[in-house]
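So the protein lines, in turn, are chains A and B. One point on numbering: in our numbering, the residue at position 230 of the first sequence is 230, and numbering is uninterrupted. Position in the second sequence counted from 1, then plus 1000, gives you our numbering.
What the hints contain is simulated information worked out from the structure, not anything from laboratory work. Treat the hints with care, since some could be wrong.
[Said to hold, decoys possible] Residues from chain B shown here face chain A by an in silico Cβ test under 7 angstroms; the list is partial:
1) R1116
2) N1160
3) Q1164
4) W1223
5) T1227
6) L1230
7) V1241
8) P1286
[Unchecked claim] Sample of chain B residues with no beta-carbon within 12 angstroms of chain A, all distances over it, derived:
9) L1049
10) S1115
11) R1122
12) A1165
13) P1201
14) T1225
[As the list claims (entries may be wrong)] Taking CB as the label site, the calculated pair distances span:
15) A:A84 with B:G1081: 49 to 57 angstroms
16) A:G255 with B:D1127: 28 to 36 angstroms
17) B:G1081 with A:G52: 56 to 64 angstroms
18) B:Q1249 with A:T113: 48 to 56 angstroms
19) A:A246 with B:M1287: 46 to 54 angstroms
20) A:E283 with B:G1140: 23 to 31 angstroms
21) A:H61 with B:R1253: 53 to 61 angstroms
Keep in mind that this is a model prediction, so the values were computed, not measured. C-beta atoms are modelled at their ideal positions from N, C-alpha and C, and glycine is treated no differently.
There are 2 protein chains.
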Amino acid sequence: MTHPHHDIPPLSLNTATVREQWNLAQMIEACARHGIPGISPWRDKLAELGAGQAAAMIRAHGLTVTGLCRGGMFPAATPEGRRAAIEDNLRAIDDAATIGARCLVLVCGGLPTGSRDLAGARNMVRDGIAAILGHARAAGVPLAIEPLHPMYAADRCCVNTLAQALDLCDEIDSEGSLQATADGPAALGVAVDAYHVWWDPLLDESLARAGASRLLAYHICDWLTETRDLLLDRGMLGDGVIDLHALGQRVRRAGYVGFDEVEILSRHWWSVDADTVLTTIRERHPMCVSGA
Amino acid sequence: MTHPHHDIPPLSLNTATVREQWNLAQMIEACARHGIPGISPWRDKLAELGAGQAAAMIRAHGLTVTGLCRGGMFPAATPEGRRAAIEDNLRAIDDAATIGARCLVLVCGGLPTGSRDLAGARNMVRDGIAAILGHARAAGVPLAIEPLHPMYAADRCCVNTLAQALDLCDEIDSEGSLQATADGPAALGVAVDAYHVWWDPLLDESLARAGASRLLAYHICDWLTETRDLLLDRGMLGDGVIDLHALGQRVRRAGYVGFDEVEILSRHWWSVDADTVLTTIRERHPMCVSGA
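Build the full structure now, drawing on both the sequences and the hints.
Here's what the structure looks like:
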């Protein structure tokens, strides 16, 4: 199947993809050089450069900030730990506002150390998001809950399906819209990552339920059949088994209108020259999303 | 919390747990020696001994066969491949009948080689089960669909949640009961494995929906926080983060009345003396299931 080139959504570079090779300044320049119109920094990279300077540089290069990664990590064994997480999230919201990020991505956190109480951790996530939503709303920064693959339930994120993330949205943010206009983003929505959701039998129902207002970000990479590491063996577009063409269509049919943000955590791709990584992404993206 | 000892469900040994150390004859003798009243062989071990001889030996040692692992693996790139899978499943049903297994566990299979069509693979699974159900019913062998963790969707099993497995049950086996009696097992049900389902936010609803007639087997092991291998790094009871005490209660509250079948695929435990593995299981099991 082929599509006219203008049907291909704009690309965004999630900085995790080349985090071992470059600093944020190098990434911003490289996006402009490679014709990648969006960027989504992680906070460690942002902190190195400083949010103010990063904002100026991103603006000077004409890039859209499709997200800031990441807030979240709410569960903790002690009240002090949970309070510290909330304060850190408030700072992340401020940084997201400074750089004009379309959303703050929340990787919500797993079980506190030594805990087997998954339901309890999920309650801590709910309470944590509820505690920061007012600040996010005031700052004009939508929060995007990213459901992570169930294999991260223990150590990274106990929100593991899109339906579960949307239940949280409905519970915490019944109001929905961030702005006065009805068709803007919700104050609380979701970041859909192909790697985390591609297997979900209920995905289409959940995407439809999310709709345009809650679909705040769409991340892509590929699932390698022989995955050798739970975290750091994600695949380049086209190297795995996810039908990114069909999945992109399903996400957009549900109302998503944003960027295709490429986030690849991979020891392999971190060992490759970063310009080569970006060239590969630029080459693969039209093929993968158009199904050509 | 402590429970009187007689509340602890009977144990069964899934032969995968010590597959690198022992053959089936050794496992049968060891179960009797260690006071483990159930066994669940894999077909490779059964084939070595022969189903008839295995049946006699299991009977002589007074063991209950809680399942035969495994049928399934239905998706294939060609009609011939799918037909071969069905024929293999028919033989597995006959073997399960010979040894008096309480069910044939179905690990349904992932994507055919080179395919990205997950929905298509799921249809092949449905068609494959439908093609063997009559034979299973005639043989008096319930089929237990085992939903596997979503991290196996590509290569092992595209049935990834209990809800999805139950949708298959309802679609293929609307009749439900295998026998004339209403309270017996269904002809088609599920095998619930703690490792595969512990993260599922909809687990309680799905367990309740399954109920006694479709809950054909319950497998246990533990999820290690730092899982180093997607397949062969499962944890000994108590070494991970699954609340096996609470999970067992949830499964039994939903109507399950069978054995706790221990299935641990682990390079570590395969390197340990097999009698030590069984001793460890016997020691850990009351602690884990009683929450003591």
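Hints, one by one, checked against the model:
no., hint, result
1, R1116, "4 angstroms, holds"
2, N1160, "5 angstroms, holds"
3, Q1164, "4 angstroms, holds"
4, W1223, "6 angstroms, holds"
5, T1227, "6 angstroms, holds"
6, L1230, "6 angstroms, holds"
7, V1241, "5 angstroms, holds"
8, P1286, "17 angstroms, violated"
9, L1049, "32 angstroms, holds"
10, S1115, "8 angstroms, violated"
11, R1122, "8 angstroms, violated"
12, A1165, "10 angstroms, violated"
13, P1201, "4 angstroms, violated"
14, T1225, "5 angstroms, violated"
15, A:A84 with B:G1081: 49 to 57 angstroms, "55 angstroms, holds"
16, A:G255 with B:D1127: 28 to 36 angstroms, "33 angstroms, holds"
17, B:G1081 with A:G52: 56 to 64 angstroms, "60 angstroms, holds"
18, B:Q1249 with A:T113: 48 to 56 angstroms, "24 angstroms, violated"
19, A:A246 with B:M1287: 46 to 54 angstroms, "47 angstroms, holds"
20, A:E283 with B:G1140: 23 to 31 angstroms, "57 angstroms, violated"
21, A:H61 with B:R1253: 53 to 61 angstroms, "58 angstroms, holds"
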